[in-house]
Every structure is written in C-alpha cells, then in structure tokens.
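> Chain A is fixed; fit chains B, C and D onto it per the hints.
Protein chains in written order, with the numbering used here: chain A, 34 to 439; chain B, 34 to 439; chain C, 34 to 439; chain D, 34 to 439.
Because the hints were derived from the structure by calculation, they are not lab data.
Keep in mind that a hint or two might mislead.
The list cannot tell twin chains apart, which means a pair is met if one copy fits it or any two copies do.
[What the hints assert, rightly or not] In silico DSS-like cross-links for lysine-lysine, where the CA-CA straight-line distance does not exceed 25 Å:
1. LYS206 to LYS382
2. LYS394 to LYS39
3. LYS177 to LYS403
4. LYS137 to LYS56
5. LYS382 to LYS290
6. LYS228 to LYS403
7. LYS290 to LYS177
8. LYS137 to LYS394
9. LYS39 to LYS208
10. LYS382 to LYS228
11. LYS394 to LYS382
12. LYS403 to LYS208
13. LYS177 to LYS56
4 protein chains.
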Amino acid sequence: MSDPIKRVVLAYSGGLDTSVILKWLQQTYNCEVVTFTADLGQGEELEPARAKAELMGVRPEHIYIDDLREEFVRDFVFPMMRANALYEGLYLLGTSIARPLISKRLIEIAAEVGADAVAHGATGKGNDQVRFELSAYALNPDIKVIAPWREWDLTSRTALIAFAEAHQIPVPKDKRGESPFSTDANLLHTSSEGKVLEDPWDEVPDYVYSRTVNPEDAPDAPEFITLDFERGDGVALNGEAMSPATLLAALNELGRKHGIGRLDLVENRFVGMKSRGMYETPGGTIYALAHRGIEQITLDRGAAHLKDELMPRYAELIYNGFWFAPEREMLQAAIDHSQEKVAGTVRLKLYKGGVYVVGRKSPNTLYSEKVVTFEDDAGAYDQRDAAGFIKLNALRLRLLGRRGEG
Amino acid sequence: MSDPIKRVVLAYSGGLDTSVILKWLQQTYNCEVVTFTADLGQGEELEPARAKAELMGVRPEHIYIDDLREEFVRDFVFPMMRANALYEGLYLLGTSIARPLISKRLIEIAAEVGADAVAHGATGKGNDQVRFELSAYALNPDIKVIAPWREWDLTSRTALIAFAEAHQIPVPKDKRGESPFSTDANLLHTSSEGKVLEDPWDEVPDYVYSRTVNPEDAPDAPEFITLDFERGDGVALNGEAMSPATLLAALNELGRKHGIGRLDLVENRFVGMKSRGMYETPGGTIYALAHRGIEQITLDRGAAHLKDELMPRYAELIYNGFWFAPEREMLQAAIDHSQEKVAGTVRLKLYKGGVYVVGRKSPNTLYSEKVVTFEDDAGAYDQRDAAGFIKLNALRLRLLGRRGEG
Amino acid sequence: MSDPIKRVVLAYSGGLDTSVILKWLQQTYNCEVVTFTADLGQGEELEPARAKAELMGVRPEHIYIDDLREEFVRDFVFPMMRANALYEGLYLLGTSIARPLISKRLIEIAAEVGADAVAHGATGKGNDQVRFELSAYALNPDIKVIAPWREWDLTSRTALIAFAEAHQIPVPKDKRGESPFSTDANLLHTSSEGKVLEDPWDEVPDYVYSRTVNPEDAPDAPEFITLDFERGDGVALNGEAMSPATLLAALNELGRKHGIGRLDLVENRFVGMKSRGMYETPGGTIYALAHRGIEQITLDRGAAHLKDELMPRYAELIYNGFWFAPEREMLQAAIDHSQEKVAGTVRLKLYKGGVYVVGRKSPNTLYSEKVVTFEDDAGAYDQRDAAGFIKLNALRLRLLGRRGEG
Amino acid sequence: MSDPIKRVVLAYSGGLDTSVILKWLQQTYNCEVVTFTADLGQGEELEPARAKAELMGVRPEHIYIDDLREEFVRDFVFPMMRANALYEGLYLLGTSIARPLISKRLIEIAAEVGADAVAHGATGKGNDQVRFELSAYALNPDIKVIAPWREWDLTSRTALIAFAEAHQIPVPKDKRGESPFSTDANLLHTSSEGKVLEDPWDEVPDYVYSRTVNPEDAPDAPEFITLDFERGDGVALNGEAMSPATLLAALNELGRKHGIGRLDLVENRFVGMKSRGMYETPGGTIYALAHRGIEQITLDRGAAHLKDELMPRYAELIYNGFWFAPEREMLQAAIDHSQEKVAGTVRLKLYKGGVYVVGRKSPNTLYSEKVVTFEDDAGAYDQRDAAGFIKLNALRLRLLGRRGEG
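Bound conformation, chain A alone (with noise of 0.2 Å):
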C-alpha cells in the first residue's frame, strides 16, 4: 500500500519494552532504527539506554540522548501553568504535558537522519499514543507513525519476554513477573495505572507512591517559602533566583519531603473509556497555587474570569495532544497577553500534605487598600453610585416580573 519505511526514529527509554520494540521494528520493517532517548528530569541513568542501543546494532551517531530538561519546564510547563490548566477540576496534567516535546524533538530528529518515519512505545488504549501521533502529524505531515503496540502480537507480558530472551535482550528481575502497575515520570509528576489500581474503589497502596512522602510522615512543623513571579512564570524561591528546570527540581524536594501533590483520580481519557490514576505532582502543586496567588493581587477582574472560562478547553486541548493545534496556539496568545504585569512574590505555608498561600505583594498590585477599607475619607469610591449600579443591574429582572406590560 505504501512505500516501505527506510529509516525509523525510536522514542527509546532503554528498557524493557522499547528495547524489544527496536528489535521488532529492525526485523519487522526491515529499516534502521535511530534512538532517542530524552532527559525529562525522569530521574533515570540515561547512559545505559546508549549501551543497549549500541548492542542492538544502532549506529552511533544514531543515538540521541538530549537533555531537555530546561526546555521542558521553559516551553511547556510554565505557559501551562500559566493558564492554571486543571483537566477535570484536578489533574494538573503531568504526563499530557511532556509528549509534544518529545515527539518535536522526534521529528526534528528524523529530519537531521532522513528518517521516514517515528516509534513510540504507547499502547493502542491510552492518550499517549494519540498525543505523540498528533504532535507528530502536526509537525510533519508527511511523517509515517509506527505503533508497535497496535501491530504487533506481543500482547500479553509472556509473549513480550519470550521475544525478548529469543533476541538476547536482557530482562530485567522485576520484569519477569507482572508488575503491579505500570508509571510514567518526568520532572512535573509521577503517574501510575493500572493492576492493583483498577478498582476505583480500593485505596492506592502506599507502595504506589514514589515522590512523596506520606503526609501522615511528613515533618511536623510546617515550612514557609516564597516564591517570585515575573511575567507570569516563577524566577525565584526564597528570594534566590533559579532557571525553569532548577527552580520546578527545588519545589519537588519540598513537596517530597511535606508529601504534598498526590491525586487519586478517575478520569475520562480522549480515546473514550474511564481509567483510573494516580498521579504525584509535589513541585507542580505548590507552583500552581503560588501562581493563583500572585495573579489574585495583579491580574484585573475582566482578565481573570475569562482565564478561568477559558482553561477547561486549554487542559482538554493539552489532554487530548492537541498542543500543536491552532486553537491551543489563539488560547495560549491570550493567556499570555494576561501575565504581563503578573509579578510579585507569593509566601506558602507547606504542611504534611497543604499547601496554603498566606500572603502575596507585588510592585504591580491592582489590591487597593485604599479603595477597599470601610472607613474611607478619601473619596476614591462614591458608595451612592452603589445604588445606580444595583439599579440598572436589576432594570431587566424587574422588566421580567413586569413582562407584558409593554
């Protein structure tokens, strides 16, 4: 049907089953594989994957490894974080949030090989699959997509391993057996799935959880911290100036060690069917409730309320991996037209689990003491003109109790 695919760019962790996936698409499709295998802030030894790869026969200059950490955070997260993106009221969208990077850095990748075609590891139920093709597609509409786990019959985990020893690819012990769930990592989150999760109704056991602590053993004095804001996005923590990525790194030992961010969510995926989550997010929550905190004291009414009418789109859109689209791209230039004046410093108070804002300033406040305070002698607000506005706000509900009057 189509022509047959000469050179492939892997998205290639090094493990178990993008290591099986190099082998299948090298035998299957007869083509070469190219890896790349991106630094995310997963907090995973990335030099091991070039050592497979190399084994697996991938030519050397072949193999990617690109730290995109600062690239991650810069590009991605903070316009996100921007809009206060929240998909379904709750999940601050860690893992939506770093597939279009990855499948940029793919497509850039297969134009310096003259590669025809990308990989990913993703399976054919979930939002990954369709966020890294999206991106893709977006991206280079030429690009063919390659989906092992919707060809292949590797489906079940025996199958998978059988392979795996059959190509003297090494399995690792806690492979062998069926894991009890499956994660996904990067500098934003954790999330895990499945197994021991499925139950909407058993609670996440404890063994789940890797990013934090418990909150139950979280220290028991709370710790204050401040947080700087320019333009919208954070620039400092205690008053000592960090880049994107240093700065999300330093949030998430906080929300370790206070074990906050956890989610247990059910939610609705793009591909139609319910799962369930749970997802850690330590740095990311403190951020996103900072960034509410400064925006309350400089961000104008009229501005606020759209963001807020606008945001369950702009987290859909990123859900669903529609990063790349147009409408992703009109939401964000208004979003970012809003974050101007947005600076200041927000103080927190992080507390076995809690995050609370307890103070915000800023050189550009609109918060007007002045204005706001019951005894005002200055004059800056008439409270008659009160009456007025009532009155021609109420006009057309006193109209409907009058309707046909004429």
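Below, chains B, C and D without anything else, positioned relative to chain A:
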C-alpha cells in the same frame, strides 16, 4: 419623588448594627418596621432578637424568626454543589449563596404584611448589597429597597455608637472599640474580612479562625468516612441517612476537628475592587471533593467537560447576585439534567487540613475495568480502532502543514 | 472475530446505491435484510421502494415505510431552531438533524424484528456515517453497524453498475453516467455536493438548485407574512394554525417562490477535511429569522446572551452527530428552559432572496416603550442611576491605570 | 466635594445639542471648553463646527477637527471584523465601535491642553454614555467626565430650544419641531431610533433609511465583485488596492446601490432595557460575509470553531463599551493570532438587498480537492480509518448504555 414608605421588612440579626438601622428606619422614614431574623445555621441564639425588636416597638406579629436551615442546604447549597461551583478557582461561595434565600423570605414577608419596602444592613462597598437587592427586585419588581449604609451619615463607628446610646440601644462591650475584623456565618461557612486582614501580604492571625482548628492541632491520625449520593446530592454519612442540613452540620464537625476548609483569598468584587478575605468552609470543602469523586465514575465525559466549562460563569452569577436570573436557571437546568445518575458512595480520608478521595463505587458506574485493562481478551475495545481515530483527528493538522497545495 | 450477523436493518431509499447494498449484504453476510424507508419530506415516491425490496427477496413484513415528517419537525427541527443553531455561522444543519431520527427508527425496528445489525449507505469520507453510527451506538450499545462503502470494493461507479447489472438491479438511465453532483433532501433542506461543486472558486451552476427559484426570477413585489410562536415553536402562518410539518412545508413553498435560503458554503467536516456544499433551506431560513425576531422581545438579555454563547457548541454537536449525547441534552434543557415565554407574532417581508423581520409583538413582551422613551415622565428609569452604574463598571479599569499604587 | 473643573474637552458635532452643551458647560462649570470634532465618515461638513465654536468663545487653538477615518477603519472596524462580531446574532456594532476611538482622542487632547475633564452629549438611557466613559476612565483613571444629559434640566426639547435661543445659538428649522427619530452615522453605518421607531410591531417607514436604496429600487441585474484579503483584512476591491477607509467607502457605495445592509432590530442595551433600532451597514455587511468566505478556506476548524465560540462574548464587550478592557485585548490577541494566513480572494454577488459569496480562492487554502473527492486514488485518506474514528467517539456513548456493568 416617590411615595412615602409605610411599612418596611428589615433583615434583622439582633446585633448592634441592625438595631441601629431599625431605629433609624423608624425615625427617618416614619414607617413601621417588620423584622425578619433567619436561622441559617450561623450558630447564634435568635430569641434575643425578638426581645430587642419588641423593645424598639415592633409589633409581636411583625417579628419573624425562621429556621431556614433545611431550605438553605436543600434548595441553595446542594444545587450549587451539583455544579462544583468555585469562584475564581477557589472560593465555595458560602456568603453569596445565602443572600438570595434571605431576600426571598423578605419579599414573602413583605407580601404577607403588606410592606412596600425591604431593608438590609449591607454596606455600600460590598457584594451583599447587590445580592440582596437583585434578588429582591427579581422577585418583586415594585418593591422599594432601603440600604441605610448608603444613605445615612452614621458611617463611622463613633457616630453609630453615639446614635445607639442616644436611643437606648444596648452596645455590647466588644462592639465599643473597633472590631479587628468583621464576619459573616451560616451553615456553609464563616467569612472574615477587614482591618487586620487588609494587607494581603500579612498572614491571617490565628484568632480570626472560628470554625476550624489549626491543622497543626488536628488529630495525628487520619479519619476515614463515606458519603453517599443520590441524584447528585449527599444523602448519608458513614451509611447513616441524613437530611441536607443535618448532613452538612455533621460534615462541619468533621471538618472543624481536622482543620479542613481554610482559605486565604484576594478576590474580585462585583462592585469593581479587590478585597482580601478569609473563609472557613469545613463541611463544604469535604462535600465538594466528594461530589467530584462520585461524578468521576457516574458522569459521562461530554457532560463532565460541559459542566466544567459552564461552571465559572455559573459561579460568577451566584457571586454577583444573579441567583434569580434566567441565565442562572438555564445553567441549573443543564446541570440538574446531568445529575440524574450521580449516585453511589465516596470514601474519604481527612487528615490535618487535607481531604483525599480514596475510593468511589456506584450502581451507576461508567467505569469499566473490562475495557480499561491492559490485557483485554473480551474484545470490548479494538486497539486498531485507535489508528483510525488518530488519523482522522490528525487530518486537519496535517492539512495545515500542506497549506496551499489544494 | 465476532458472531455472524443474522439479520440487518438497512436504511433503504429504493435508489440504485442502497439497492446494491441490499443485495451485497445478502450475499456478503449471508443474512436476512430488513428495509426501512423514511418519509422525511424528501419529496419522492416511497412505494416503489417496497416493490424493489420485495423483488430482492425481503419479506413483506420486513419492509418498513414510515412517514416521519411530523416527528422530524416537532422533535428534531423545532428543538434545534429554539437554539438558533447555525454551524460555522451560516449553515442551518438540514442534513445533520435528520440522521439521528433515522438511526432511532433503525434501532427501534432492529428491536422489533430481532436484528443484530443495522446498515446505511453513507460513504467513508462524510459526516453522515458518523451521525448514523454515533446515534445507533448511543441507543443500543450492542448493535453492530455495517457501512458497506467502507468495506466493499465497489468504490467506482463502473464497478457498482456492473454489480447491479449482474444481479438484475434496474439501473436508471440518469445513474448510468456520472452524476454531476450528489444530493440529500428532507423537509428542511436539500444539500448538494461533489463533482461540479468541488472547486470553491467556481460559482454553483444554476441547474444544481432544485428547491428555490433564482432570486432574479422571484416575484417583483414583496410578500408579507406573519408567523405565530408558542413556547419557542412556530404554531401558525398568517393566522392559520398548523402542525409543525405542515407549517414548515408551507414556509418552504413561500421560500421557494421568493428564492430564499440558498447557501454556498465551504465547511469543516468532523472527519477532518473541508468540503464545499450548496444548501437550499427555504422555509427554515424564514423560520430561523422569525424565531430570532420573537426572541428579541420575549427573551431576557441574560438568557439571550447565554444562548448565543452556547449555540456554536450546540450546533457543532449536532453537526458531528452527537444528538443523543448527554451534553447535547444538557444544552437542550437549558435552551428549552428559556423558551417558556417565547410567544407572539412576527411579521416578515419576503423579497428576491431576502427575509426581513419588519414587526413583532407578544403578550409576553419585555420591551417597554415607557422605559425606553427619551422623555420619560413616569420615572421608571432614573438617568442618574447611570452615573453610578458606569462608575462601578469603570472602577476596575481605573484601578488598572493606577496599578502599583496599593 | 471635588475640585472645580478648569478645562473640559467636549466631543462636539457642531449641531444644536452639543452647541447647547458647550454653552451650558461654560456657564455651569465656569470653565474653559475645548472642542473636538471627529471625521469618522459621517458625511457631514465639519468646518462649520469651527465657526460655531469660535462664536461661542472657544479659543482657535482649542478647536480640534480631526480626520480619523483611516484610524477608525484600520484599528477599530477591521480588528472587529476579524472576529466576525455580531451582537445578538445580527448587529454589526457600527455605533459601538466608534465610541472608544472618540474617547481615545478626547483623552489625548485633554493631555495636550491640560484639561481635567471630558464631556459628551450622550443621554442617560443609552449605551453610548457607558462606552464613552468606560473608555475615558480606562485611558485616564483620573479624568473627570461630564454628561450634561444626566445633570441638567434641559430634558425636554422645548427647554433645550429656549436655552439655545436665550444664548444666541442658532436653531436649524428642522430641529425646531420634534424630530421623528434620531440618528448616528459613521463610515461603518447609520443607526436610527426613537419616536416613529418605538413600536416594534410597526414597520420602519421608508423615509428613515438614508444610506441604502430600497431593495425594490435596486438594479434589476446582479453585480459581481471581488474582495482581496491579507492577514484577515480587506486590501483590494475588484483587484484595485485600497486603504482601509477607501475600501469601506467603496463598499458602502456598492451596498447603497444594491440596497444591502438594512436591519430592523430589537436589542438589549447594557443599561438594562430593550430598544428598537434600525441600522444600515451597507459596506460592512458585504465585508463581513466576504471575511467569512475567505476564512472558510484558510482557517483550520479548531481555530474557526474557537472563534465562533468566543465571538458572542467579544461582541458583547464591544457593545457594552469594554474596548479598552484587558479581556477584550486578550480575545483580540487570540483572534489576531488566527488571521495570519487569512488571505486570498472572495467573489460576491450583490442583488436587491442580498449578498452571496459565490467563490473563494487562496494561496493559503486548506481546502483539498484531492482529499475530498469521492473517488480518491491518491490514498490521501483511508476510508477505513473512519471506522476506528467512529468506534472510539462512540465508546463513551456505548458505555452509557451499559452503565452499572462495571
């Protein structure tokens, strides 16, 4: 200009301010005053209001003291909670939602006693004047509304107390000096604002809190509870069926004990200024999260996302006082339509200021383990469908990349 | 993979394509075919479909020919019109709104005859396949759907005709060659697309139009009509009460005569491509404007603006085939709630392709000459209230200009 | 209460009303008046305003007469048209969009001449007072605004004329009696309201129209034109490049000749009442449809639908006077982002009041004949993908039908 006022129904708390208003109305308008005191669960004795009103010459049959707690929770709080309403992302609207009910009762009483006006004690800078008056006008387009704080010259505390003393109105000791902040309370929440809270950089002093213990003083062990829902509304706590107001009161006790529902907020008032407030919504915070929890497994994605998109507007309408406006009723019709099957049980963990949904189950569940499981033999979901799904979702993005090719 | 299909209900027009499908289904699936032919006001004889079906061996009791015109207008067209639905600002959704009704009947018949599948003749590139199938699955999650155009190899006209001739299916002369465009028709509209219409720069040839005269050939004198509404629905034309379908048919005659309701459109299909179509919606165009006219005096601003904001989403849902989805029903609940008092008479001028609302009156009018008049002695509106109204609306804008002053 | 006003800039038309205001301001406020007369294409001689102002003692250097036509169309009309803005589904906002520009210039002049106030001649019942003043306050939070119609007692025509005569202000003959309606005009439209138009059941008398011929008197032959767009804005008519104001003026001539752009509307004013107006927007009506036409082939569905959903809010903001509010600017940023590639040519037919898009082409077209054609050999679109697309879109609807199965 307009006809003289003969009889006015006053929203009367029995406190100093509304007692002064009572007297001032009698003097200024030379009219008969009818008092209405509502029990909305604010936790104060109401009978003293009767004695005071009588002392100031109100006719016994013109003193209304009504227990509105069940109506408040059943017809106002619960419908609002069905919408997951949060103003500016955080505020559970505890003050806003009580105002329309008070106005409704004021207008009913005005009809009963043949009054031509109603009066309230809200100031000219806040939202409450708007909420009272919009509701009053919506329910009776011909009613007159008197807002003494916008009319009189008793705008300083000194003048007010002088007036009280000149008219034999008892002045409680703690009202003599300046109160360090002002509060409003009902079964859903307590709000505090003004004076010591006016600098949004200063942490809210501990003595301002009255409805919750400090999370640091909450029990060291978490408590687990279950909440049952029917048609979107809470019906039972820990398996015990309860009326709406009883349920909310019980949740308030749990929230108080575990330090749940404190919020320090700078918000945008409808009258155009920013103000800083502190809210305690102990039971409401638990309830709101539980409602989201049960919706997660019983609400379809289309319904859930539409609700999320409509919510900010809905919350704004309530905040601004448009409860009795057609557009609020339209949104309510949409929201209520979605709640038919929102039933089941949510299990929650309460710990040191935090509320965590840890389990949910429902006879109406839309969550299907069969469909979501990784290794699906039942064929409920064909992974190959995802390829076509993605391809067609990507088509327009690919065509963007080929713009101009025709 | 799945169980063999025993009995299938086919949406059968009696034309060449669905006759071929009928035969193909019998052959390919070795199953019994039940035919369903709907009168939606498309203006064709339906009885010939019976003879043809019998000829191909369909059992007499398995041939369904139903007049759905009243149900179509009453339960689908009118509810949609209450929303003032326009897809992409212009299209009155004439094709989209018929599909869910056809699917509803297919599923009902499938239940009656114990069929395990339904089939339709829509192609694999259009919206109709989506609309048919989403509706079918929503009404019966276990139904199987057969879409021959996506399965078979009769994808060229030549192959199709060869198949017909090989199976004694009569081929009308005008179907032998290539049709210069394809059409769909019902009581609301006729749509045309394909072939001669495919270049969006070329004007639609005059011979494509079938439901309206060319405006240039319309009468030289305008015609004035009145349309009466009750609860948001049309009930009488020129004072004469009519059933929904009768009313729409009468408006179609008027529209045809005056050349009203032609639309040349390039639209975005749900399946991801743009297509160019030509629509004739003579009566619907008149009706839609009249409905807006009566709403102008009977709908409150809050309700009207909320409706306008919800409309694009509502129209998109219908266009995409989500009539039976919860979110469409939620929006309908909101819209219907607003229509209670939408009653009265609209006077319209029809002239050479144009429809002009020239008058409207209602027993429920919200329009008040008393309030709007320049010289208002009645005091219904105090112009000084406007000063306060503006001042408070301006407050936040003024504070923006003083940002940072605190 | 506040400081005396020393110098005020008046929006001065040179007509009777604003001449009376000029004199009244000098008398009442004992202040110096600066006049500003704008050419917005209203089609009146402006120099007479200079003579009149001088006669009333305005200093020559304090008489501003500015041609704002290009700025009006380029910076206000065209950006609004990019949004396809229609208020309440029908109104092209011709009056609303002119007000912020007048206020902008008033505030600029106030800064130049050191004025502490601005004044306008809008009444206390309309929208224009709100639009003038919100814009003024947004651009200068400290400005004072004088609205004589809300302050003075010259509220009857008789009183006004008596004042004029008492102060040697010439009263034109046609202003002596009651004008049968009032009008406002600029390059985009003429609006008429009041008196003979106040009963919304009465047809607008023919003599009210001034910018368009009656469709019945328009040419019997249609006229075809082309309009070229770049980045969402019109740049050429019939192939001839034109500046924004020149282009709109040329379209106005075409619209006038063909009777295009008449609208009889009952609308909802921001101040809470309904009013009936008649609008003539000849060129704007043509332009608006052409803009939709070019967007049809150059705008992606995601962008187009988001624009449609944001439009009602955007139109409401302009109607209500919030041009200079942050939320309007946010929406503009989103809209403008979408217009980058909106370029090409639209062909239109003008005939007896009607405008019909009959063709559109673009170097940036997203319309692909290759993809849309029924018989597609190129394989750009695989019809089998539709099966998966539908299956996954249907999944949640099917799960609804299986609710409770788990």
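> Can you list which hints this structure breaks, lowest number first?
1, 2, 7, 8, 9
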